[in-house]
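> With the sequences and hints as input, model every part of the structure.
Residue numbers (the numbering used here), protein chains in the order written: chain Z, 1 to 484; chain W, 1001 to 1320.
Keep in mind that the hints were calculated from the coordinates and are not lab data.
Where is the CB? At the ideal position from N, CA and C, for every residue including glycine.
One thing to keep in mind: the hints can contain errors.
Unchecked claim - Below, computed lysine-lysine pairings styled on DSS-like, alpha-carbon distance capped at 25 Å:
no., chain 1, residue 1, chain 2, residue 2
1, Z, K86, Z, K40
2, Z, K367, Z, K341
3, W, K1265, Z, K327
4, W, K1074, Z, K327
5, W, K1046, Z, K327
6, Z, K409, Z, K367
7, Z, K448, Z, K425
8, Z, K40, Z, K20
9, Z, K313, Z, K448
Claimed, not checked - Covered by chain Z, according to a simulated footprint, are these stretches of chain W (three or more residues, beta-carbon under 8 Å):
no., segment
10, 1023-1035
11, 1273-1284
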Amino acid sequence: MPSPFEYAPAPESRAIVDLKPSYGLFIDGQFVEGHGTPFKTISPATEEVLSEIAEADQADIDAAVKAARRAYDRVWSRMPGRERAKYLYRIARIIQERSRELAVLESLDNGKPIKESRDVDVPTVAAHFFYYAGWADKLEYAGHGADPQPLGVAAQVIPWNFPLLMLAWKIAPALACGNTVVLKPAETTPLTALLFVEICQQADLPPGVVNIVTGAGATGQALVGHPGVDKVAFTGSTEVGKAIARSVAGTSKRVTLELGGKAANIVFDDAPIDQAVEGIVDGIFFNQGHVCCAGSRLLVQESVVEDVLERLKARMSTLRMGDPLDKNTDIGAINSGEQLKRIRELSEVGDAEGAERWEVACDLPTKGFWFPPTLFTGVSQAHRIAREEIFGPVLSVLTFRTPAEALEKANNTPYGLSAGVWTDKGSLILKMASSLRAGVVWANTFNKFDPTSPFGGYKESGYGREGGRHGLEAYLRTPHESAR
Amino acid sequence: MSSTPTILEDVTGSEASLRRFLHGLPGVDQVGAEARAAGLATRSIKTTAKAYALDLAIRMVDLTTLEGQDTPGKVRALSAKAMRPDPSDPTCPATAAVCVYPDMVGIAKEALGTSGVHVAAVATAFPSGRAALDIKLADTRDAVEAGADEIDMVIDRGAFLAGRYQHVYDEIVAVREACRRPDGEDAHLKVIFETGELQTYDNVRRASWLAMMAGAHFIKTSTGKVQPAATLPVTLVMLQAVRDYRALTGQMVGVKPAGGIRTAKDAIKYLVMVNEVAGEEWLDPAWFRFGASTLLNDLLMQRTKMTTGRYSGPDYFTLD
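Structural data, given as structure tokens:
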């Protein structure tokens, strides 16, 4: 029976976005043609072709790295920090001014709900630039030596789950520290990076400081393998991360990797249950579960598991799935057909391993890539869906009896990016936080991001930190290195 | 005689068991509850959904005047407004009730006649509740005898904050009995917590359960005389309580935020919360009310805008 209070469609207008039929590469302050094979970027919600994107080949990468080197040598590394800060502040302000445009474009290209791009992604992007702008003239006070120096040219490769936010996490600290960058956005979500360079132009950023090369895996490989880069920063899968680590081994390139995760979200029996349920939903269904730090393993104390699951299912049933541009949409589209295939495959493995699948009953749109919010109960540590990153809206529910068992299970993973703890007991929060082997531990909340807070992994979730004062270290030559 | 459901009889047997139960309810995380309320408030309610919500909100208004300066004339005018909020538009629904002090019940009753608009009376030494029990009960009986359909009582916040839950419980039970009319029907009892004085969400959750177990038909946030009055997160916690209470006992209890809700936009945020937290069954004046006075005119102005496509000025809507 339809609810009497059926929310009418409330679509955000696309008119604010000026989509071009094709985009080139952004090298040395201008758009140039690529020499690879152009590819199309589509809206994952409708499979509509949005634009044609140039592919950078080896020669294009070469040109981009050279432009970055020139800008580094002649302009950016010599510029006083307070002058670099002015550009970053300007970029941050323009991002705020053009926030609606960026949010609509991000939702179009990525499939995430406008609610999230508008209220989370874009504001956090602006905040990140503001934050690192503030550091640019204070680097000597950051605890990384008395006169920290930039590294040079940074090669940055980012994923498709938070296209603009990951760009900000990479570019803002790099520029604040005096480096120049060549960045490759993911092949399924290049559009906001290409709009970002318009903002750089608007801010009069000197040519060559930011260069964008588009393409798929091969382009990324060529970029990180280029002998002219001093620093490689990658966010993406553990598999590709390992390949990058191997390829730069033996070179003088500095590397930071932010890779996969299989975070435990731990709910104790004294938790504020209603808020814990919200946190579970935020943890795994935020951004369709395309979050490296997603709380994809729910560990619930056995004494409250029935109550928690009943409330969780009821809450999941109120999630609104559909048009990413509708302001009331909670769950958008899966980013690509390829990712959808992986989510389906791993979910089928869950069925085959004997876990019980429950999903929200809803009509999926006929076009585009969709997967309903899903949970698996009866999951044990031995199941693949409890060990492998699904990177989709699929939650594996496990139980525990004591805090020690919760800790043991939470840490029993090759990953270690994030974790969540839900309890009313402060001492238990502190104990868990100090014993969980994860880069971020959220207490009575989940998936909260702030530019002042360092983010990064343990174990196979990568190394290096992004955000906060710690994030500067990835882009500065430390005294130890300078002495070498 | 109490109307506590059998399943909860053990709980209300003694001060100790009542305390154990109320303190055993899951805690409310303040940050999380406020974030959830703020998240729901971003829903965008347009066109047909907005038209539905505006009419529903009008039907849920307890049009209120609770002033020392209230006169029969003022109450008659308010009653006329409640029956025909928009005299120029016969399709505009009436409000749920008018809410007055007990001495004005007879006037309101007479003015409202057979219109179906209820008379709600605040009682039990409203708004402070600082009086002896028999005075509170006499206050209640007085209003019921004068014909009040609904009684809005206040709890003894002092006793609640001192941890004397049994005292608060017994008072609600006694007032509920005083709501009995000679014909055997009960005037509907709304129990006001004055959440601005209880302050914490944990207290709001405990007060909600306490009142529901004692037989409240409605739980209500505030008197309107203390700031802050109704807020979205407080109402969220109360909606979760009535949802959970029904899951446990099968009985539905209504919710009434009161005080400080002045715009149609705010009212719609509350309705979204009712819809998504308690469930669509509560989208009915029998189960959700707004205690308000100025809200009605903003609802009417938005309603006119929906039908004509133009905003008109406040001069086109009657003061009361």
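> Next, verify each hint and record whether it holds.
Here's how the hints hold up against the structure:
| no. | hint | in the structure |
| --- | --- | --- |
| 1 | Z:K86 x Z:K40 | 36 Å, violated |
| 2 | Z:K367 x Z:K341 | 15 Å, holds |
| 3 | W:K1265 x Z:K327 | 16 Å, holds |
| 4 | W:K1074 x Z:K327 | 43 Å, violated |
| 5 | W:K1046 x Z:K327 | 11 Å, holds |
| 6 | Z:K409 x Z:K367 | 39 Å, violated |
| 7 | Z:K448 x Z:K425 | 21 Å, holds |
| 8 | Z:K40 x Z:K20 | 12 Å, holds |
| 9 | Z:K313 x Z:K448 | 23 Å, holds |
| 10 | 1023-1035 | holds (count 8) |
| 11 | 1273-1284 | holds (count 4) |
In terms of the numbered hints stated before, the structure departs from hints 1, 4, 6, listed from lowest to highest.
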